[in-house]
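Whole structure, please, built from the sequences with the hints as guidance.
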Amino acid sequence: MSGPVLILGAVSAIARATASALAAKGHSLYLAGRDMDELSRLALDIKIRYGVNVRFGYFDGGEYGSHGKFQQDVLAQMGGLEGVVAAFGYLGDQQAAVRDFGEGEKIIRINFTGVCSILSHCANYLETEKKGFIIGITSVAGDRGRQSNYFYGAAKGGMSLFMQGLRNRLFPTGVRVITIKPGFVDTSMTFGMQGLFLVASPRYVGERIARSLERRKDIVYIPWFWQYIMWIIRMIPEPLFKRLKL
Amino acid sequence: MNKREIITSWGRYPRSACLLTRPERYAMLIPSDDICIARGQGRSYGDCALNTEHSVILTERVNRLLSFDDKRGILRAEAGVTLAELLEVFVPRGWFLQVTPGTKHVSLGGCIAADVHGKNHHHDGTFSSSLLEIELVLADGSYRRCSPAKDPELFWATVGGMGLTGIITEATLKLRPVETAYIVARHYGARDLDETIRFLDEAHWDDKYTVAWIDCLVKGGQMGRSIVMAGHHAIPEDLPTTVRSPLIAEKRGERNLHFDLPKGILNSWTVKAFNNIYYRLQSSKKGAFITDYDHFFYPLDGIGNWNRMYGKSGFIQYQCVIPLAHSLQGLKLLLEELTGSRRPSFLAVLKRMGKEGPGLLSFPDEGYTLAIDIPLTDPEVFPFLDRLDDIVLKHGGRIYLAKDARLREETFRAMYPRLSEWQKQKNAVDPDSRFASDMSRRLGMAGFP
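Protein sequence lines correspond, in order, to chains A and B.
In terms of our numbering, the first sequence opens at residue 1 and continues consecutively.
In terms of our numbering, the second sequence opens at residue 1 and continues consecutively.
Think of the hints as simulated: they come from the structure by calculation, not from any bench.
Here the structure is a predicted model, which is why all the values come from computation and not from measurement.
Every clue listed holds true.
Computed, partial: chain A to chain B, Cβ under 10 Å:
1) 12
2) 35
3) 37
4) 38
5) 41
6) 45
7) 46
8) 48
9) 49
10) 190
11) 191
12) 202
Distance windows between CB atoms, simulated:
13) A/211 to B/366: 49 to 59 Å
14) B/93 to A/218: 36 to 46 Å
15) B/25 to A/228: 26 to 36 Å
16) B/255 to A/148: 36 to 46 Å
17) A/131 to B/255: 41 to 51 Å
18) B/304 to A/232: 25 to 35 Å
By construction, the Cβ of each residue, glycine as well, lies at the ideal position given by its N, Cα and C atoms.
Following this line, the structure appears as structure tokens:
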């Protein structure tokens, strides 16, 4: 079974790699995002390389009001959906957010409430279909709050909890909900950042995400060892953790 | 974001601290405010994709395929795509590159900027002969499409122009129809330079793709002995019945050299021994045999990072071409210098080239091109290479910029007589020299200091 998949936030390097890996398995795609010129280039590329049907259209994760109509359009164009990959996100500027809640609100709106909005629409549709999948790309940053990026971390952590709830709700219907937690990935978001280690390529991450559909895991750390790194970080007692410069 | 990093190209010499950016979107692939140069896969050998304390724009992520006409084999793609990706996608559909260099891990933009050539140069010309159109973003941020018919001045200044006219963003090229992923190849052992030249010169021995591996260490009567390797695309009838899908070549595992070979392992004795074994082995192959395109075109790609073989200090790949009228004489002098120097160089390649093309700074010229790896073991290498330059220049030849890291400015000027014509085009599109590289400064390419 390889039906149509909606990629939300399709322009990022991880989303592109995921879309390519899904197309290689025969899925047709709907690429959604804000940069229409980039989307058209990506759509052409995937179509030529993998010979699948690819459509694209405008989608803004932060504009809740547009999500319902957007989803109806996608369903009409693709003739239904087998799955959704929520790959959009916004790292933002923690320093700015600390002083200006406008920035903080934007980080939360795109990474958390926007995800809640569009995935609710998608979940309601897939529930009636009684099959399919929802993949959400969150972040290891959501596993514990740190001073250096707690707006982003809180939003991603909220997204992880939201997906946990969806998984619980949709389990009886047979719809799979998979939470992806990538570690450091070599993308434009991290290019030039100091202090990164064990950086994975987007291609590797994309292939692992596509492969998660064939596995049984609900929460997938990519690469796998981040599961243990984050376990250790979560185990640090709060009285100690609050003293660390992280 | 950008980052300052010490980078180097395939020859691992020189090293330079550059400010790297890596756009992921087409619209972000634009000249920086600073002096900049585009860099694809970093597979040129010297300093043409280095820019000390200035911007280097990595094009690798802007690599989408944009259209493909499967009737005529016409592809439009972003220039960051590699030939390896193109082959992976299009060989199974019956299309190959018209011209390919000796590695597939190069970007499309790099192939254009260096106007690369392949084993079929004497039949099909350089990479630019497969181009229908290219798109550039110029210093002022404007986009220009050019081709041999449209804005030919800009086209022929960009082809072979080492990235100095603008950033090559897209290219449209014609692919070659093939029926299989395989090559019918033949090896001929040539005993000395005269025989090597005869094999490469005469149509009887020639094939679509012809090149000679030449032993640059053996002296005396055997000087210039070689293995001439010739081949053409196989048709399904050529293949053994065990091959079920003729357009699918068996996947080759790529090994990596994970460390630098210590100094001294490659010396004139070990390389001499290697050359002896290789010569015997390869010349013992009698008659035609079938090989897949990877093994035929990209033998060295089988060992990732083979450049580490020459150790930490790196190497120069010295590639020159000497025009036909003086080829034999010039090659003899070069070989005498090389064999006399006792510098260990395996992997020397000799090839007959076809006519010079219209690219103003394109390297190929009708004659013979010799490429040899010279490890940078000691400072004496540089005066030694200057002596080789003198021989090349005296015989009317030139050095390949894509491989160069040390040529002198005056020698360069004498070798490229169309330089002033090129500078006129460069100044027309980039009057403030916003595009520059360590190479362009070393060779005074922009025309004013």
